[in-house]
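Visitor: Below are the chains, spelled out letter by letter.
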Amino acid sequence: MTKVDEAEAPEKVVNYVIEDGKVRLRASKCPTCGGVFQPPRSICPADGSSPLDDILLASEGTVYTFTVVRQSTPEFKTPYILVYVDFPEQVRVLMPYDGEEPPPIGSQVDIVMGSGPRVENGEPVSIPHARL
Amino acid sequence: MEEVYVLGIGMTPFGKHPDKTAADLGAEAVNLALADAGVSRQDIEAAWVGHVYQGMAMGQRALYAAGLSGIPIDNVENACSSGSTAIWDAAMALRAGAYDIVLALGVEHLTNLFRGAFAPDPSDVEAQIGLTMPGIYAMRAQRYMVQYGVTSEQIAQIAVKNKKNAAMNPLSHFKKPVTLEEVMQGRLIADPLHLHECAPVSDGAAAVVMVSKAKLHQLGSSRAIKLAGTALKSGRTEVGLADMTVEDLTWRTAQTAYEQSGVGPGDIDFAEVHDCFSIAEALRVEGMGLVPHGEYVARVGKGEMDINGSFPVNASGGLLGKGHPLGATGVAQVVELVKQLRGEAGERQIQNAKVGVAHCRGGKAQGVEGTACTVNILVA
Ligand SMILES: [Zn+2]
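Line by line, the protein sequences are chains R and W.
Taken in order, the first sequence gives residues 0 to 131; the numbers are from numbering that gives the first Met the number 0.
Taken in order, the second sequence gives residues 0 to 379; the numbers are from numbering that gives the first Met the number 0.
Derived by calculation from the structure, the hints in this document are not laboratory data.
Some clues are possibly wrong.
Which bits of chain W does chain R cover? Going by a derived footprint, with three or more residues having C-beta under 8 Å, they are [unchecked claim]:
| no. | segment |
| --- | --- |
| 1 | 96 to 110 |
| 2 | 114 to 121 |
| 3 | 126 to 137 |
| 4 | 141 to 152 |
| 5 | 228 to 240 |
Calculated lysine-lysine pairs in the DSBU-like style (CA-CA distance at most 35 Å, straight line) [stated by the list, open to error]:
| no. | chain 1 | residue 1 | chain 2 | residue 2 |
| --- | --- | --- | --- | --- |
| 6 | R | 76 | W | 174 |
| 7 | W | 174 | W | 15 |
| 8 | W | 301 | W | 163 |
| 9 | W | 15 | W | 353 |
| 10 | R | 21 | R | 76 |
| 11 | W | 163 | W | 174 |
| 12 | W | 301 | R | 76 |
| 13 | W | 175 | R | 76 |
| 14 | W | 15 | W | 225 |
Simulated DEER-style distance windows between Cβ atoms [what the hints assert, rightly or not]:
| no. | chain 1 | residue 1 | chain 2 | residue 2 | range |
| --- | --- | --- | --- | --- | --- |
| 15 | W | 345 | R | 122 | 54 to 62 Å |
| 16 | W | 34 | R | 123 | 38 to 46 Å |
| 17 | R | 41 | W | 350 | 36 to 44 Å |
Note that the coordinates shown come from a computational prediction; the quantities given were computed from them, not determined experimentally.
Cβ coordinates follow ideal geometry from the N, Cα and C atoms, glycine included.
Here chain R stands alone, though its shape is the one from the complex (with noise of 0.2 Å):
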């Protein structure tokens, strides 16, 4: 088992590891309720429970809706494409899309870094993205 490298700044807008070669958002799952939730959180949101177990998401998932954003707030770079991602762990995560034209509702993605759409400093912020 290879060790689980930290990523760097960006885990403040989402909290992920990469884990041979593969990017898995980190979320929590909570012992009574059996809820998952990413990002993680120290107490579960639907009954109270804490602690939650620490859990990382498979790498891929499907696509269960996608917009392509055209107006946004000046940190952004428009257009870009957003997609809700249904994990096998049950739990629904919003991601940046990386591809010319949006994935169809039900596509198989894998989770891969990406750049953007936010922007930092004049540079694209690199953060976990869905893609086909």
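Based on these hints, arrange chain W with the ligand on the given structure of chain R.
Guide: For chain W with the ligand alone, coordinates are given in the frame of chain R:
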């Protein structure tokens, strides 16, 4: 439980008011509501004031501008439901017997503060990733189209309907009808939603004077409308993979209002709902159980939700046409219900309007299905 009535209503024009402050707008709405109720400012025992981006003690500033001071003034922030939450608070106080005549005001001056797309609070990770309010509803629209087999043109008809209604409302932000072609040729904000399918950034205020039954009898007004049911709920934590075309929050809130009022979905003649985006109107009406899931959009296309249709929705023009000064929106919906139920809605009067529902739901916080939702049922 003490019965509650809306005695007086007041509303400023919604739109751009570069030469007025939020306090000016709030005072204008209050003075109109007092005059409409036929009571004086000294009669008001307490006030609740809804607003979102107006800063500290907006309520006091608005009421001082109207010559009201010294009474309890409670500032209410509950995202887009702030104004309707103020009404709920006022109703709770009347029902509890704490007061007999109170004021609920919603006020917002946005055009000097914002342009373009609203986003969730920046502390939400989703906001940091790039989620905008139009983006959320666009994603829900994409799901709706796939699940129920409707097109973006069909959804856009909702905007055409509401802007047509707004053109008959002298207080509307938008006064010009638009064609379906104009909506579809407009700029895309977040696919599939075009500019005309997104509520504008507006300034405005709306106020209602509310009274107990005992006070109503004492005053003897014949123009009061009964607030038969009023409900406020918050969204539940999202666990698992929910259907984003179904609004659990809207349904739970409506159920409470139905139970309180003894009015069921089948008894309601017309609705004002929170159409912050075209698709949102469908999600709200279906969420309240007024139309089966997946059927609303097609029925709009048949004219059923027009002012002269079988179930008029957003005769006022809705948020899309009348405008959306966040904190004022929920109060303005109740103002419209009262106008319709009194038979004072002029050109856009709904025939035989006896029971109306106002649905207001706003905001976005990561991890919950919605933030705040109110449903008010008024009966003539
Ligand atoms: Zn739990």
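Visitor: Next step is simple, just say for each hint if it's right about the structure.
Guide: These are the hints, each one checked on the structure:
1. 96 to 110: violated (count 0)
2. 114 to 121: Result for this restraint: holds, n = 3.
3. 126 to 137: Result for this restraint: holds, n = 8.
4. 141 to 152: Since 3 is at least three, the answer is holds.
5. 228 to 240: holds (count 6)
6. 76/R x 174/W: holds, 33 Å
7. 174/W x 15/W: Between residue 174/W and residue 15/W the Cα gap is close to 13 Å, so the pair holds against 35 Å.
8. 301/W x 163/W: holds, 15 Å
9. 15/W x 353/W: Given that 35 Å is the threshold and the Cα spacing comes to 33 Å, the pair holds.
10. 21/R x 76/R: holds, 26 Å
11. 163/W x 174/W: Satisfied, since the Cα-Cα distance of roughly 8 Å is no more than 35 Å.
12. 301/W x 76/R: At roughly 40 Å apart (the allowed maximum being 35 Å), residue 76/R and residue 301/W break the hint.
13. 175/W x 76/R: With a Cα-Cα distance of about 33 Å, the restraint between residue 175/W and residue 76/R holds, given a limit of 35 Å.
14. 15/W x 225/W: It holds: about 32 Å lies between the C-alpha atoms, which stays within 35 Å.
15. 345/W x 122/R: 54 to 62 Å: Holds, since residue 345/W and residue 122/R (Cβ atoms, about 56 Å apart) stay within the stated range.
16. 34/W x 123/R: 38 to 46 Å: Violated - the Cβ-Cβ distance for residue 34/W and residue 123/R, about 56 Å, lies outside 38 to 46 Å.
17. 41/R x 350/W: 36 to 44 Å: violated, 57 Å
Violation of the numbered hints given earlier is confined to hints 1, 12, 16 and 17; the remaining hints are satisfied by the structure.
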